[in-house]
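Let's have the full structure, built from the sequences with the hints guiding it.
What follows is each chain in one-letter form.
2 protein chains.
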Amino acid sequence: MFPYKTSIQFDRNSNQALYLQLSNQIIQFIKNQTLAPTTKLPGSRTLAAQLHVHRKTIVACYEELLLQGWVESIPKKGTFVHRNLPVLNQQKLDDTVLSDLKMDTGFSFYKNNISPKSLAKRKEEFLYFDDGVSDARLTPMDEIARTYRRISSKKNVFEHLSYGSTYGNDTLREVLVTYLNATRGLHISKENVLITRGSQMGIWLSSQLLLQKDDVVVVGNTNYLSADITFLNQQATLERVLVDKNGMQTDVIEKLCKQKQIKAVYVTSHHHHPTTVTLSAKRRIHLLNLAKHYNFAIIEDDYDYDFNYNHAPILPLASHDTNGNVIYIGSVCKTVAPVFRIGYLIASKEFVDEASKLRGVVDRQGDALLELTFADFIKSGDLDRHIRKVMKIYQQRRNLFCKLLKDELGSCIEFDTPIGGMAVWAKLNSKYSWATVAEVAKKYNLEIGNWQRYDSAKLGHNCIRIGFASYNEAEIQELIHRFKKTMEETMEMYRCPQLF
Amino acid sequence: MFPYKTSIQFDRNSNQALYLQLSNQIIQFIKNQTLAPTTKLPGSRTLAAQLHVHRKTIVACYEELLLQGWVESIPKKGTFVHRNLPVLNQQKLDDTVLSDLKMDTGFSFYKNNISPKSLAKRKEEFLYFDDGVSDARLTPMDEIARTYRRISSKKNVFEHLSYGSTYGNDTLREVLVTYLNATRGLHISKENVLITRGSQMGIWLSSQLLLQKDDVVVVGNTNYLSADITFLNQQATLERVLVDKNGMQTDVIEKLCKQKQIKAVYVTSHHHHPTTVTLSAKRRIHLLNLAKHYNFAIIEDDYDYDFNYNHAPILPLASHDTNGNVIYIGSVCKTVAPVFRIGYLIASKEFVDEASKLRGVVDRQGDALLELTFADFIKSGDLDRHIRKVMKIYQQRRNLFCKLLKDELGSCIEFDTPIGGMAVWAKLNSKYSWATVAEVAKKYNLEIGNWQRYDSAKLGHNCIRIGFASYNEAEIQELIHRFKKTMEETMEMYRCPQLF
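Heads up: the protein sequence lines correspond to chains A and B, in order.
Read in full-length UniProt numbering, the first sequence has 299 at position 299, and its numbers run on one by one without any break.
Read in full-length UniProt numbering, the second sequence has 446 at position 446, and its numbers run on one by one without any break.
Do not take every clue at face value.
Calculated pairs, SDA-like style, for lysine to any residue (alpha carbon to alpha carbon, straight line, at most 25 Å) [claimed, not checked]: (1) A:392 x B:260; (2) A:389 x B:72; (3) B:123 x A:153; (4) B:389 x A:38; (5) A:379 x B:12; (6) A:155 x B:150; (7) B:389 x A:18; (8) A:111 x B:232; (9) A:392 x B:28; (10) A:154 x B:38; (11) B:349 x A:108; (12) B:392 x A:17; (13) A:154 x B:17; (14) A:154 x B:472; (15) B:389 x A:189; (16) B:403 x A:67; (17) A:111 x B:260; (18) A:111 x B:28; (19) A:392 x B:76; (20) A:379 x B:471; (21) B:111 x A:189; (22) A:392 x B:73; (23) B:40 x A:310; (24) A:111 x B:4; (25) B:154 x A:147; (26) A:154 x B:16; (27) A:379 x B:181; (28) B:123 x A:159; (29) A:31 x B:181; (30) A:379 x B:21; (31) B:389 x A:82; (32) B:392 x A:18; (33) B:389 x A:392; (34) B:392 x A:69; (35) A:389 x B:38; (36) B:154 x A:67; (37) B:154 x A:13; (38) A:379 x B:32; (39) B:389 x A:55.
It should be emphasised that the hints constitute simulated quantities derived from the structure, not laboratory data.
Now the structure itself:
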């Protein structure tokens, strides 16, 4: 008989129940045919005595094996390894030795030279300049995970587990109607809401529906790089318009409209990405009137509506759109955390219907459980509470960061304190270059990152965006300390190039 | 003084803590300016006595208000409504009355007439013919939700909350390497794995990279409609090849290869969708050799590898691909539940790198928490256990469904019992049409659904797919009962058309 006593081992510190530990080990013996088909298993009392476990453990184990189909129970005879084990050996085509999948592809395909490669993994000893992202450590993970589990254990959860709507979960759409109408001054109903994976999907869907090869889209002369890439992927023509302290120059857009057909204007009206400026009231009205007159779409990417430190947020263009020109895009990535892929695209019903069809082709549908979780998170007021809490913290971080940047690096970095958002638009004294600074910074375990992305139009403005929200006060002190050391060494290099 | 006692109401049956109920109500009074800026709030003892709550409740409430920035605390003076409330009134552009967002769009855009509209909501009193989907009620929701919460409460969870890799979570990629190599006979490493949202995203990414306008893709003469739609969206040319009892006729593909350049062949080799037949071993080898010789890609959509009732699963084409021709696509949608948007695309590193860049443009990244949850679910053996359990149940359902279909409707429905999967390919006697049957069925609260989708090539085969897995035995009895009634009335209509 098979030596169960010496072959079976239990880990009593494991989280796994004993009966599962036992059944998993028996399955292995069945799989490798140590226990062959039709072998009789010992009676539960006998095996319990041998293994020094309760008889109930053996009974539960045998039930598990029966349920999984590894054994069969023959009345009055006992429990046997199943005579006919369907998945024991997979069928191979022939006996050739299979080699590993190659690195190269056995066919030709269309490569894309526009999108950037994935970023390398971060090193722990380094501090990083980021684009202005939230602090993951402040994510209200407990509340969200608790809500997710509560929703998952509801009796009617099964209604949400099968294929769902390409528009997104209806409850979340309804909650967003109330929330966005209250907080953004919108006047929308459920039909105007498409749930997306995040802002990026909203930009992509809009781009697909608005732009074909050579169609014109207007963007800032500096612009959010991911939007640029999305439009270029679509082979659209980008017209770049100057951004000044009042945002995009709308009179330049008007001139363009007179020259050629504009299909869309992409704006980050609340805090322009990357320069952080706010589009002025006068230009907002001008842009809306232009869109109405020249029939173009405004893609309004309102990525950080919630973070304002000096005054109330300015209502988005979408709240003043009475002609169906604005496609309003937002997400919870900045307010809660990027890992939660929940965003929205707000537009006329006609546009939302088409966008939802396209979304179905790309990834079928969203995650109804996560969407229900966020419906609850928003409706209960938890989102608002979270925003107000982190806003206070980010405001303190902005104040400290800007004070230190001015005090310690004012001689070589020029910037305006941003009135909102999570980043500073920092201009390096034109004597120096970010290429050199980035190189020197590495010595001080500081990573400036992909600074080129802020000047894809090659304007030579010598500015980059530096996020302040993701670091706590001690980390900000350290970041500025390393940056100062970096600049001191850089300046020394420029003064005495022979030393280096 | 403000009448707190009569204005504040507590719901002692609510899940919300009393201090939050109180702070939320006070926030409303501050927002609507019933409590104006600089108003002094009562001392905690006074308010506690008035509201009959513990003083700690008031202290916690004031702390919450302070944290959220609604009040300020002035030492030795007390707690006051903040004099400077930043988000109290949002700034409007002007005083115009804003009207609702219109149904129509104020710009022109590219509409798509290929994708189907979203399906209408299901009615409870109806039974539905489905395409072969899993039974949501069997989803191991407890295990998944528990795992999700455990992962969410780990100390290092914050590392996973910010922006992540466009390839998907590394842990899941590694787990899938082990799992797919063991269960599918693949020989892959992490670089060959891209995590997707589900099979549909895998098909879509492949389509984008392989096909441009007028490029040729080979599909079955009946084919999975969503794949057809994806290729048509890409403006590709579809060449349809006959599918017989051994799957797609590969000699027809060979003839095509001699005539024109083929970019890709889409196959559901394990159980062809919709007809459920398995691609024979001979044709598998033939197809792989053709791909190697003519340099085309094989998109192998292995949507239901796990469900086989008569014999072991047949290893996918991908397990025999030594030349980098196969793009292997799968997901957990059929094995666990469609709501979990986790799938994979397996291909050469070169192809996976490009697909991951494109994926970044569309929806940036996946959901790392859900990906970690499934990494754990697979690695712990829970997925295997779940599959074996539901397979036994689905097998019983298949047996019952096929027996009843034959016994009760054998005179008008012809079919082969499928050896795997979740659906039967059912041929209606050519005397009758599904259009009529679908119409009559509604009287019996039976919805045949979108039966046209199974014959998009207009072959007139008079077949549809009927899922058996999502209904329990009592429901199957009822489904067949209603179907039988429907057919009896339909036959009566054909016999005596004057009666109707």
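Evaluated hints:
no.	hint	verdict
1	A:392 x B:260	violated, 65 Å
2	A:389 x B:72	holds, 14 Å
3	B:123 x A:153	holds, 23 Å
4	B:389 x A:38	holds, 21 Å
5	A:379 x B:12	holds, 19 Å
6	A:155 x B:150	holds, 22 Å
7	B:389 x A:18	holds, 19 Å
8	A:111 x B:232	holds, 20 Å
9	A:392 x B:28	holds, 20 Å
10	A:154 x B:38	violated, 45 Å
11	B:349 x A:108	holds, 14 Å
12	B:392 x A:17	holds, 23 Å
13	A:154 x B:17	holds, 21 Å
14	A:154 x B:472	holds, 21 Å
15	B:389 x A:189	violated, 44 Å
16	B:403 x A:67	holds, 23 Å
17	A:111 x B:260	holds, 22 Å
18	A:111 x B:28	violated, 55 Å
19	A:392 x B:76	holds, 23 Å
20	A:379 x B:471	violated, 35 Å
21	B:111 x A:189	holds, 22 Å
22	A:392 x B:73	holds, 15 Å
23	B:40 x A:310	holds, 24 Å
24	A:111 x B:4	violated, 67 Å
25	B:154 x A:147	holds, 17 Å
26	A:154 x B:16	holds, 18 Å
27	A:379 x B:181	violated, 45 Å
28	B:123 x A:159	holds, 12 Å
29	A:31 x B:181	holds, 16 Å
30	A:379 x B:21	holds, 14 Å
31	B:389 x A:82	holds, 15 Å
32	B:392 x A:18	holds, 24 Å
33	B:389 x A:392	violated, 51 Å
34	B:392 x A:69	holds, 7 Å
35	A:389 x B:38	holds, 21 Å
36	B:154 x A:67	violated, 33 Å
37	B:154 x A:13	holds, 19 Å
38	A:379 x B:32	holds, 19 Å
39	B:389 x A:55	holds, 23 Å
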